[in-house]
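Asker: Kindly generate the complete structure, drawing on both the sequences and the hints.
Protein chains: 2
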Amino acid sequence: MMQSTRIHFLIMFTAVLLPSLACTAQDTPLRSWNDTTTKQAIISFVEKVTREGSPDFVPVAERVAVFDNDGTLWSEQPMYFQAIFIFDRIKALAPQHPEWKTQEPFASVLKGDVKSAIAGGDKALIEMAMATHAGMTTEEFKGIVSDWIATAKHPKTGRLYTEMVFQPMLELLAYLRANEFKTFIVSGGGIEFMRPWAERVYGVPPEQVIGSSIKTKFEIRDGNPVLVRLPELNFIDDKAGKPVGINQHIGRRPIAAFGNSDGDLQMLQWTAAGKGPRFCLLVHHTDADREWKYDRSSHIGKLDEALEQAQRNKWTVVNMQHDWKVIHPAEKN
Amino acid sequence: MMQSTRIHFLIMFTAVLLPSLACTAQDTPLRSWNDTTTKQAIISFVEKVTREGSPDFVPVAERVAVFDNDGTLWSEQPMYFQAIFIFDRIKALAPQHPEWKTQEPFASVLKGDVKSAIAGGDKALIEMAMATHAGMTTEEFKGIVSDWIATAKHPKTGRLYTEMVFQPMLELLAYLRANEFKTFIVSGGGIEFMRPWAERVYGVPPEQVIGSSIKTKFEIRDGNPVLVRLPELNFIDDKAGKPVGINQHIGRRPIAAFGNSDGDLQMLQWTAAGKGPRFCLLVHHTDADREWKYDRSSHIGKLDEALEQAQRNKWTVVNMQHDWKVIHPAEKN
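Going down the list, the protein sequences come from chains A and B.
All letters in the first sequence, in the order written, are residues 15 to 347 by the working numbering.
All letters in the second sequence, in the order written, are residues 15 to 347 by the working numbering.
Hints may contain errors.
Because identical chains cannot be distinguished in the list, a pair is counted as satisfied if it fits within a single copy or across any two copies.
Pairs of lysine to any residue residues, derived as SDA-like cross-links and limited to a Cα-Cα distance of at most 20 Å, are as follows [said to hold, decoys possible]: (1) Lys339 to Thr171; (2) Lys289 to Glu154; (3) Lys346 to Met334; (4) Lys253 to Asn238.
Hints listed in this document are in silico derivations from the structure and should not be mistaken for laboratory results.
Answerer: Here you go:
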């Protein structure tokens, strides 16, 4: 009897203790970050702005952190994932557009010749974006994005695109939110391309996603109010557009900004120029083995002037190869 | 000794009990609402969407409520308060613009002839808005608005404009937030005209304020990054623009919408057309003694088609005279 009670007690004790240990392990912030000066810089900033009575204390309402998406929260090679979505949509819509067989840039996409398709530069890209992103209601577009993101696979890794997010950045988002930061996405990508999955994948709700957009129009169709997506640019949330988008949507200056390319430079400058403690960070893609290695001369995610500015202004630069234990979540297992 | 202990106990008891009573009284929702079917409709909606296990239960993330500002959260007579701000700014800026003495609509404003000033319609209003809202940085404009809102007085009541808010609506905002709703302002007024004081007065932070806007441009001035306000319309957040603005900023459909005029009709239609429980409410200005009485034929806050639709769709209509015990906060005392 005594023995049995003792075993019972041990089982009880283990049952109570184990989940709490598991919980503690999970609560350790930034587990996938190596213990480098980068990780220390993040923790030191968060601790000083959240410590009541500290001269650097920032009230909860002002704890706004902004994150670029492509190359900062998920990979962006061999091309922006939204560009792959556009090409997939062109292929899916081709039967309804027989004229695309001979009309550039669509003809090249249908032949699988991406290089020729994008040779037309911004004009070609915008034409393809409009042909695939406009002409339906917002609800319909949400369904199209949701279907694609649930099934499409990355050409190199064969993984879902939502599995190509950066595990250390997911932990950083969670760590900031645990410290009562409000986390926003501020991306050059399409606002409605990110919203259908950003809450599930990043924990960022639709109202905290800022991005590029096309115009929409309110209509009553068969007695049902809809918003129709028009083939007309509304806003480009890139470079000098990022502080504009931040002001438009958030209406106050972030105290922390996270990017990876020259497209994020003005967002970091705008953030850094506020009064009081500020934190600016660039993700430098330095890991050819586990992800990609590129910076100053890359067409995608070019990091040149922003890297200069980071050095000059002592912004934090993540060296992916050295600072990150794990890149994508699958490596955890 | 016994007596003293008893008295001590009574003091202790009173000291413990009184604050808790005070607290309870303050926590009673919608105190300034009479106990009419309007108040009951609000409470019944909130209770059914927040009751776990109820077929009408709505998860916290989806509890989005949108509020018009002019005529819904504060008064709007004898003209929109932002129009008075514009006239005050024209007077303040007149010494720097000698040409305004003879140039309409400015000349009429400077003569105190508001009727002639606004006779030029939208074109004149936009011209005056641009002359007073553009040409400075966002930080400078915030300072101008903050100074005005802290000092300017309403021409009829002599009160600060922030004292012309509706006490019952402040309680409604608080009641919804206590039930884990996220409350947004969706106003035809200027987004940057509301943000400097909306958090203090309504408890609505800048990132939850949606409104009309002009374009801004990022610049580095003397090494300092600024956003400059340009004399160019960016977005009109009124009528069919309201669902567009809601989608742009929030990215999901509200479950509750509160307005007072035909300018809010599309916002209410968009809200009502979603699946699941919805709540739409119009504030009908029926109290000539305590506030103003106007609807179908008013130039400001015209309520005509939306009132028809409210009757047809069984939306809730506030009869200010009957439903509200108190209109402005000062009447509480």
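Asker: Determine for every hint whether it applies to the structure shown.
Answerer: Consistency of the hints with the structure:
1. Lys339 to Thr171: within (19 Å within a copy, 65 Å between copies)
2. Lys289 to Glu154: between (43 Å within a copy, 15 Å between copies)
3. Lys346 to Met334: Close inside one copy (16 Å), not across copies (60 Å); limit 20 Å.
4. Lys253 to Asn238: between (38 Å within a copy, 16 Å between copies)
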